[in-house]
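There are 2 protein chains.
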Amino acid sequence: MDLESLLVEKAQAAAKAAEAMTMVSTETKNNALLAMAHAMEQRKHAILEANAIDLEEARKKGVKRSYLDRLMLDDNRIAGMADGLRQAAGLPDPIGEGDYSTVRPNGLEIRRVRVPLGVVGMIYEARPNVTSDAIGLCLKAGNAVFLRGGSEAILSNKTIAGILSEAAYHAGIPEGAIQFVETTDRDAVQIMLHLNQYLDVIIPRGGAGLIKTVVENSTVPVIETGTGVCHTFVDATADLDMALNIAVNAKTSRPSVCNAMETLLVHEAVAEKFLPMLAKAMEEKHCQLRVCEKCLSILGEGEMVSAATEEDWSTEYGDLILAVKAVADVNEAIAHINKYNTGHSETIVTESLTSARLFQRRVNAAAVYVNASTRFSDGSEFGFGAEIGISTQKLHARGPMGLQALTSTKYLINGDGQIR
Amino acid sequence: MDLESLLVEKAQAAAKAAEAMTMVSTETKNNALLAMAHAMEQRKHAILEANAIDLEEARKKGVKRSYLDRLMLDDNRIAGMADGLRQAAGLPDPIGEGDYSTVRPNGLEIRRVRVPLGVVGMIYEARPNVTSDAIGLCLKAGNAVFLRGGSEAILSNKTIAGILSEAAYHAGIPEGAIQFVETTDRDAVQIMLHLNQYLDVIIPRGGAGLIKTVVENSTVPVIETGTGVCHTFVDATADLDMALNIAVNAKTSRPSVCNAMETLLVHEAVAEKFLPMLAKAMEEKHCQLRVCEKCLSILGEGEMVSAATEEDWSTEYGDLILAVKAVADVNEAIAHINKYNTGHSETIVTESLTSARLFQRRVNAAAVYVNASTRFSDGSEFGFGAEIGISTQKLHARGPMGLQALTSTKYLINGDGQIR
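Top to bottom, those sequences are chains A and B.
Numbering of the first sequence is given in our numbering, commencing with residue 1 and proceeding in unit increments.
Numbering of the second sequence is given in our numbering, commencing with residue 421 and proceeding in unit increments.
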């Protein structure tokens, strides 16, 4: 069978399962998730063996150490994946919840209720935990799922998806609800991006290149996730110790993640006082600074401090590097952010209610903070229990996406013979 | 200036205006809408003159009469457009409304509030009223709007957009918030479909061809609207007089609209009794029937009754033609609908609670009715005051789209120095 026919067949099976999923009870879904968690732990040796082969192949190809780290599974990580499934079982089921209800003058009763999206497509890279996380959340929200993971993790993902499919099926989930694309052929992604007839959405998770490819080529609706050029603005009235604390946390607690800070903006009224504090703290964390002209005149060039170029303002370093720029006021800070950010997470440190209000209203991003670290942009931290990704677009879902983002709605209208 | 540069310039102006729109008060927006309605009525002669030239050109090209009817403006229609703007002024402003609020254990206060989408792109065909309706609703929801209308209505649309832009600007709406593409060059659509950097969404309104082009080519997120292959299922327990009444209304009250019925399904237990009633009523309305083999054996072939082909089950006639099929039970009805429908509106006529419940749960459509005509699928009828279109996709908005569908959300997080 050629690749396209193979993918169409899988997508058809997923669409058929999605239809059957609309009749599956919450109880069945929850029991299935628990059975899947159990199966994953029972059969962890098979997963570890597959993962060892993937790691060996990846090492031979000479991929980066950070990539190997994302790919690697151990007992702890498998336990974490199983816990994720149990957590999904424990979350309230969004399906059937109503969010609009009215009776019209003609007696028609109109309700809007949450329904599954249908078939959720996921395209992702090295992390095998995305396989189980996505399967768990998609099933809980009543969807079928169509997965395409990175070629480096192919055996790990295939093993995980196989174990989970089998456990799900035996626990009453319709056959075909979990589809995993087993080929590493790169054409599979392009084909998948045009399966409009079967897939209701595609969620890409991975690096900027992957996300760009999906956004620019998909005719299936996409939820764009993940890239984060996040800013911290230290206002003239900021508590500078608080600002330093937040800046160090936002930059250095986990530099590789999307909610980490990439650029710090400082009000010029406090730049002379704050920048030396910042430089010292960042040096202790081995974090380099790329600074604007004005900041350079305050800090001086050095081993850890160099001049920023235009490119720095839009770079997601994902590393211990921070761009720093002095601005004249909150308006310049907002303008800079709205020009260079990716719509992810931004924070202002200020004691001024006026600045805080203006910043939260005008900054164009999914999450806009006052006096807190951008590192909180995360489904668990926001109270959703788990997340399938962080949307940086405005359509459908914005910011950390919990179960609700994996649903649609439907109007149910009941009458007694009304005509128009 | 080449076409692409021209469109990019317009899109940049819209994006800049969208940023400024976030600071415009509800009062200013409402006053602007009222001023725009007034200006449209004051300057209706300019609109009618432009429209007369468009009509003359269209006639020369020999377009269909139904097309000319959609294009034609008169005093009444201009008054209707002005009323639409006044109605938008009277609707509650969705911006700033909160729909999620929590305080986390660490003290972070998290709120999710409605914000404008940003720049809304509209691509549409002959109806000049779409120009004013879209401008009114988009501005009320705090968005800038980027319009591309059909070439046949170019002068009408340009005149309307010009009058409304001027009135809006004088009433305090940021300059550039209304962008109208004045060229009829067909390449403009293709360029617009890739203005991802500036447009937040594109909503196509028009025939199936236009919508297909937009969905298949756009890299800007799209909200698919409008095509409707709607079904009425007459169950075994239906009140057949009610069923007939609903069927006649759904098919004949306005056959050209998307919420009109295209296929009637009838439970075989009542087919012999119901079909002759249906055939008689439809003949009185000059509506032809294209029927399945079983129905043909009951009705016999005739001037108004012929055999259906496979193609009929998926055709949106938009005309006085109805496909009719007998089914064994509610499950076959649901399967037929989910195979051939466009996800718009479906209704069951039944006295069985079990059938009604199953039908509403399993049928995959934006609006699923029990004992009422599908013709009610409409923003005003649903209580939203007005609509920008009817979404047939599952992402972001489904069914009639009111102001809320033209908004996004944003998380506002307030702390006192929290780090993670």
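These aren't lab readings, by the way, just hints derived from the structure by calculation.
Among the clues, some could well be false.
Here are the computed lysine-lysine pairs in the DSBU-like style, where the Cα-Cα straight-line distance is at most 35 Å [what the hints assert, rightly or not]:
| hint | chain 1 | residue 1 | chain 2 | residue 2 |
| --- | --- | --- | --- | --- |
| 1 | B | Lys632 | A | Lys339 |
| 2 | B | Lys714 | A | Lys339 |
| 3 | B | Lys480 | A | Lys16 |
| 4 | A | Lys294 | B | Lys578 |
| 5 | B | Lys759 | A | Lys339 |
| 6 | B | Lys430 | A | Lys10 |
| 7 | A | Lys212 | B | Lys759 |
| 8 | B | Lys759 | A | Lys273 |
| 9 | B | Lys430 | A | Lys212 |
| 10 | B | Lys632 | A | Lys16 |
| 11 | A | Lys212 | B | Lys714 |
| 12 | B | Lys578 | A | Lys339 |
| 13 | B | Lys632 | A | Lys10 |
| 14 | A | Lys16 | B | Lys714 |
| 15 | B | Lys578 | A | Lys158 |
Reference listing, derived: stretches of chain A covered by chain B, where coverage requires no fewer than 3 residues with Cβ under 8 Å from a Cβ of chain B [as the list claims (entries may be wrong)]:
| hint | stretch |
| --- | --- |
| 16 | 56-64 |
| 17 | 75-85 |
| 18 | 140-147 |
| 19 | 369-383 |
Derived Cβ-Cβ restraints for the label pairs, each shown as a range [as the list claims (entries may be wrong)]:
| hint | chain 1 | residue 1 | chain 2 | residue 2 | range |
| --- | --- | --- | --- | --- | --- |
| 20 | A | Asn196 | B | Ala727 | 45 to 55 Å |
| 21 | B | Val428 | A | Glu311 | 34 to 44 Å |
| 22 | A | Asn106 | B | Ala440 | 18 to 28 Å |
| 23 | B | Ala472 | A | Gln404 | 30 to 40 Å |
| 24 | A | Thr354 | B | Gly592 | 50 to 60 Å |
| 25 | A | Asn106 | B | Ser445 | 45 to 55 Å |
| 26 | A | Ala52 | B | Met443 | 37 to 47 Å |
| 27 | A | Glu175 | B | Val428 | 47 to 57 Å |
| 28 | B | Pro512 | A | Asn106 | 41 to 51 Å |
| 29 | B | Pro512 | A | Asp2 | 48 to 58 Å |
| 30 | A | Glu311 | B | Lys632 | 51 to 61 Å |
Please read all numbers here as calculations on a predicted model, not as lab measurements.
Using N, Cα and C, we set each Cβ at its ideal position, and we do this for glycine too.
So, going through the hints one by one against the coordinates:
Restraint check: the Cα-Cα separation between B:Lys632 and A:Lys339 comes to about 33 Å, which is no more than 35 Å; the hinted pair holds. Taking the CA atoms of B:Lys714 and A:Lys339, the gap is near 64 Å; set against the 35 Å cutoff, the hint is violated. Distance check on the hinted pair: B:Lys480 and A:Lys16 sit about 50 Å apart at the alpha-carbon level, beyond 35 Å; violated. Between the alpha carbons of A:Lys294 and B:Lys578 the distance comes to roughly 48 Å, so the proposed pair goes past 35 Å and is violated.
Between B:Lys759 and A:Lys339 the CA atoms are separated by roughly 46 Å; this puts the pair beyond 35 Å, and the hint is violated. Our distance criterion of 35 Å between C-alpha atoms is broken by B:Lys430 and A:Lys10, whose separation comes to about 43 Å. Proposed proximity of A:Lys212 and B:Lys759 is supported: the alpha carbons are some 33 Å apart, at most 35 Å. Taking the CA atoms of B:Lys759 and A:Lys273, the gap is about 68 Å. The hint is violated against a cut of 35 Å.
A hinted pair counts as satisfied when its Cα atoms are at most 35 Å apart, and B:Lys430 with A:Lys212 qualifies at roughly 24 Å. Our distance criterion of 35 Å between C-alpha atoms is met by B:Lys632 and A:Lys16, whose separation comes to about 24 Å. Restraint check for A:Lys212 and B:Lys714: not satisfied, since their Cα atoms lie roughly 52 Å apart, outside the 35 Å limit. The suggested pairing of B:Lys578 with A:Lys339 holds, with an alpha-carbon distance near 31 Å, which does not exceed 35 Å.
For the suggested pair B:Lys632 and A:Lys10, the alpha carbons sit about 24 Å apart, so the restraint of at most 35 Å is met. Between the alpha carbons of A:Lys16 and B:Lys714 the distance comes to roughly 28 Å, so the proposed pair stays at or under 35 Å and holds. Using a Cα cut-off of 35 Å, the hinted pair B:Lys578 and A:Lys158 is violated, with the two alpha carbons roughly 56 Å apart. Residue count for the stretch 56-64 of chain A with a Cβ under 8 Å from a Cβ of chain B: 0. That is fewer than the three needed, and the coverage hint is violated.
With 0 residues bearing a CB less than 8 Å from a CB of chain B, the stretch 75-85 of chain A misses the requirement of three and the coverage assertion fails. Coverage of the stretch 140-147 of chain A by chain B is violated. Counting CB-CB distances below 8 Å, 0 residues qualify, and the rule asks for three or more. For the stretch 369-383 of chain A, the stated coverage by chain B is satisfied: 11 residues place a CB nearer than 8 Å to a CB of that chain, which reaches the threshold of 3. A hinted range of 45 to 55 Å for the beta carbons of A:Asn196 and B:Ala727 is inconsistent with their spacing of about 31 Å.
Checking the proposed 34 to 44 Å range against B:Val428 and A:Glu311 shows it is violated: the Cβ atoms sit about 22 Å from each other. As the Cβ distance of A:Asn106 to B:Ala440 is approximately 42 Å, the hint placing it in 18 to 28 Å is violated. At about 51 Å, the CB distance of B:Ala472 to A:Gln404 disagrees with the hint of 30 to 40 Å. At roughly 21 Å, the beta carbons of A:Thr354 and B:Gly592 sit outside the given window of 50 to 60 Å.
Distance hint check: the CB atoms of A:Asn106 and B:Ser445 are about 36 Å apart, inconsistent with the given range 45 to 55 Å. Between A:Ala52 and B:Met443 the beta carbons are some 57 Å apart, a value that contradicts the proposed interval 37 to 47 Å. The hinted range of 47 to 57 Å is satisfied by A:Glu175 and B:Val428, whose Cβ atoms lie roughly 49 Å apart. In this structure, B:Pro512 and A:Asn106 break the distance hint of 41 to 51 Å, their C-beta atoms being roughly 22 Å apart.
For the pair B:Pro512 and A:Asp2, the beta carbons lie near 54 Å from each other, so the given range of 48 to 58 Å is met. The hinted range of 51 to 61 Å is not satisfied by A:Glu311 and B:Lys632, whose Cβ atoms lie roughly 40 Å apart.
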